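**Q** So you can see what is in the structure, the chains are spelled out below.
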Amino acid sequence: MADLTVIDDKAAWEARVDRLWAARPTRWRDAWHELTRNKLALGGSVIVAFFTLVAIVGPALAPYDYAKQVLSDTLLPPLTQGHLLGTDALGRDLLSRLLLGIRISMAVGLGTTAIALVVGTVAGMLAGYYRGWVDRIVGGFVELVWGFPLILIAVLLIGAIGPGLVGVVVAVGFVNWAGFARIVRGEVFALREKEFVASARALGKGDLDIMIRHLLPNVVGSALVMGSYYIAIAIIAEAGLSFIGMGAQPPLPSLGQMINEGSGYMLLNHWLSTIPGIVIVLLVLGLNVLGDGMRDVLDPRLKGTG
Amino acid sequence: MIERSSQTAVHELVSQYLDGGLSRRQFVKGAVAIGLSMTTVGALLAACSSSSPGTSATPKRGGTLKEGYDLDFSRLDPINTNWYDPAFYAVYESLVTNDPSGNYVPQIAESWNVSSDGLKATFKIRSGLKFQSGAPLDAAAIKAVYDGIADPKNGSPLGSIWVPVASTEAPDATTLVINLKHPYFDLFNIVKTGYWDIVNMAFRAQLGDKYGQQGVDGSGPFTLTEWVPGSHTSVKRWESYPGTVTPFIQNKAKPYLDGINWLTILDAPQRAIQIQNGEIDTLRGPAFQDISRLQSDSNLTVTKLKEWSGYFFSLNFKRSDLGFNDVNVRQALSHAIDRASIVKALLFEHGEPLYGPITSADKSYTKDVEQFNQFDVTKAKSMLGDAGWKAGSDGILTKNGKRFAFEMIIQAESFNQQLGSVIQAQLKTVGVDLKVSSLDRGTFFNKAFANPDSVMFFYLWPVPIDVVTLFVNSVNANGKGPNWGNAVVPQVDAAIAAWQSAANQDQLIAAGKQFQLACAEQLPFVPVINRDAFWVSRKRVHGWQPDQWNLYPYYNDVWLD
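In the order they appear, the protein sequences are chains A and B. Position one of the first sequence corresponds to residue 1 (the working numbering), numbered consecutively onward. Position one of the second sequence corresponds to residue 1 (the working numbering), numbered consecutively onward.
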């Protein structure tokens, strides 16, 4: 009888559910532990951490103003005294521009992915949770966005907004949200039938509460794995858009802009493009490897299938 | 002995070498790779040398010339275009032209004379000429073109340099008379250009806005087949071309080429790579950093000519808040530009600083302009300070709470972008915040006429003072013409009037000097640099001869090995 009394007590029942919820296997703690033991993830983390550090403190340590031109010192090769990476066609120190370029490219990658992550997660969660017409509308937008190449949509949007980094962030973020939406929608679609969601609903929890407290923690892992890939995609997209003159505007350097500026000198002064090109390769490789490691850790179903 | 199974490969190798698709070194490597001994390779090279590219003297008919062009294409309408492209030299002809020495020679007109008082020029027109559509090309047709240029409703941007013309007459089919308000010694320099090419005005009216895009009707040796802005323009041989009487053109009959395809390749280094790879046959304007490499390529011929055109940027006189209507402010900005360093760094010394409106290649050039616009940052800062501008916390000048910041539009092309960046950086050293906006060509011209703060431009004209007057004449301000800076400078207008009424060569030179000094001092625009003109062709191309006096080469004599 005593037990029945306890069960009839809604507050006590909720407290018990909360205790059980808190006592569930600590996924994030386990994930962190596993992440540090995963060599792949560790390698990617080191690369990304290095470039993150460079992006944060690098520009402050730059030996010259990134825009300072010395027309008497153009096209100096790497390891020239006073210019570790040499100078570009306008006599600007390549190292100083590279340090700022890494910051700009990473900021664009993070900015676009943050937009895409938030918009895509919200849209995907609504679609997966409510299904029906909400799902059809979100799905329609996803199909629409995915029906065109990223660069084409970005060029159209930047054409309307105007060239520059803001345009790039908005345009690439606008396209990339669809990937997050699709993944999150699929996860939520399955999760909403689970017992813990049914229990929460039986307890009278609201839809918003269920989505935020019970579903979001279960999809955020997948979203973060996706995020690491999409940061890389955004960095490449920014490089491409800057290469065609729609991204960072001179004299501001981004990695793509630097490759563009050096492209006319590839045969004689290849370092102008190859150095920022190598940085992009390493950065994207680091992000992808980190993403693979995170996927192994956070999504055991896919472990080892990468 | 060459194995029979290797014969095909050898034939292909030899053929590619003769076509210029392989260098000597590549040929040797290829021959060794297919198993030939060095003795055999030497024998083959010796045999090839007797028929190597460029040595054949007999023109061959056929083939399509592929030319890399450094700009996007304007509409092929002489009367209403901002720019005339090489295709104008293929589809149109003008009354007269220049030979490679600069003499006026016949084209549509076979002879001419100017009255002793300089007020009447009479041209004898070749009889029996037709447009490509079959319509007659006679004196009346030419009169219609020239009257069309003068008629404001046709929107010619060049009306202001046709002002000295009082009227035109066509008393009979082969006589054209141009009556002048006053002597106009420069008349021939005007009518020889692409803007005065002869077009069938009836056909033009029929096509309306589509003229020059979907069709043209000229009298040149080729007819338009396709005009695709941003991509290419193609022409094919006009089989009914009656031939030419122009003396320096050796082929008096139909052209040898089946057609010409001009490809827009805005990236200069890309043009150089494409001609080295044999993807194009000729090009204009390689990147300056590539010139020495191209000159050392045995498959290519590089022609260097003195350029008569230059880069400048305008400062909109209507921006009185920035002091652009104050000559001291304009001079201060000009003193901030280190032209000599730009020539060294960006042009690799293939050019010269521009202190006045025209280049030293022109016969009326005066060195007196070099007293102006010398690089002097201290003087620039001092002059700006005298004008009331003080440095703000970020180093940018301010006056009455207004930052010294403005926008310059440039064409989206690699060299323009570099030059824009340099000007931006050099102006920043005196506290000016310049934003450079790189625009495609169509957008650029639309915006240039929409009252921008500043326009950077490369004028291209074989007789520069004429074209420069367009950019500085006050009658072309306020959207009425290409005086994009809305410059109104009485000294400059007076010099233009003197230029346009010069009755002889001496008066023309004197007026030219007056004009240069007025422009160099008053700065209706800020001159920057002049670059040398470079043309490159593969050895298989014959008869393609760029010269100093014509903007582009004629194609009548061109043939391909």
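Since the hints were derived computationally from the structure, they do not count as laboratory data. Model, not experiment: these values are computed from the prediction. Here a beta-carbon is modelled for each residue, glycine too, at the ideal position from N, C-alpha and C. Honestly, I wouldn't trust all of these hints.
Unchecked claim - Covered by chain A, according to a simulated footprint, are these stretches of chain B (three or more residues, beta-carbon under 8 Å): (1) 107-118; (2) 174-188; (3) 258-271; (4) 363-369.
To be verified - Derived DSS-like pairs (lysine-lysine); straight-line CA-CA distance at most 25 Å: (5) A:K68 <-> B:K130; (6) B:K480 <-> B:K363; (7) B:K60 <-> B:K236; (8) B:K381 <-> A:K68; (9) B:K304 <-> B:K130; (10) B:K181 <-> B:K143; (11) B:K318 <-> B:K435; (12) B:K181 <-> B:K435; (13) B:K124 <-> A:K68; (14) B:K390 <-> A:K68; (15) B:K143 <-> B:K124; (16) B:K379 <-> B:K306; (17) B:K428 <-> A:K68; (18) A:K205 <-> A:K194; (19) B:K254 <-> A:K68; (20) B:K402 <-> B:K181; (21) B:K254 <-> B:K124; (22) B:K379 <-> B:K402.
Stated by the list, open to error - Below, a sample of chain A positions facing chain B; criterion: calculated Cβ distance under 10 Å: (23) N38; (24) D73; (25) G91; (26) P250; (27) Y265; (28) L267; (29) N269.
**Q** Could you tell me which of the hints above the structure violates, numbers in ascending order?
**A** The structure conflicts with hints 1, 2, 4, 5, 6, 9, 12, 13, 16, 19, 20, 23, although it agrees with all the remaining ones.
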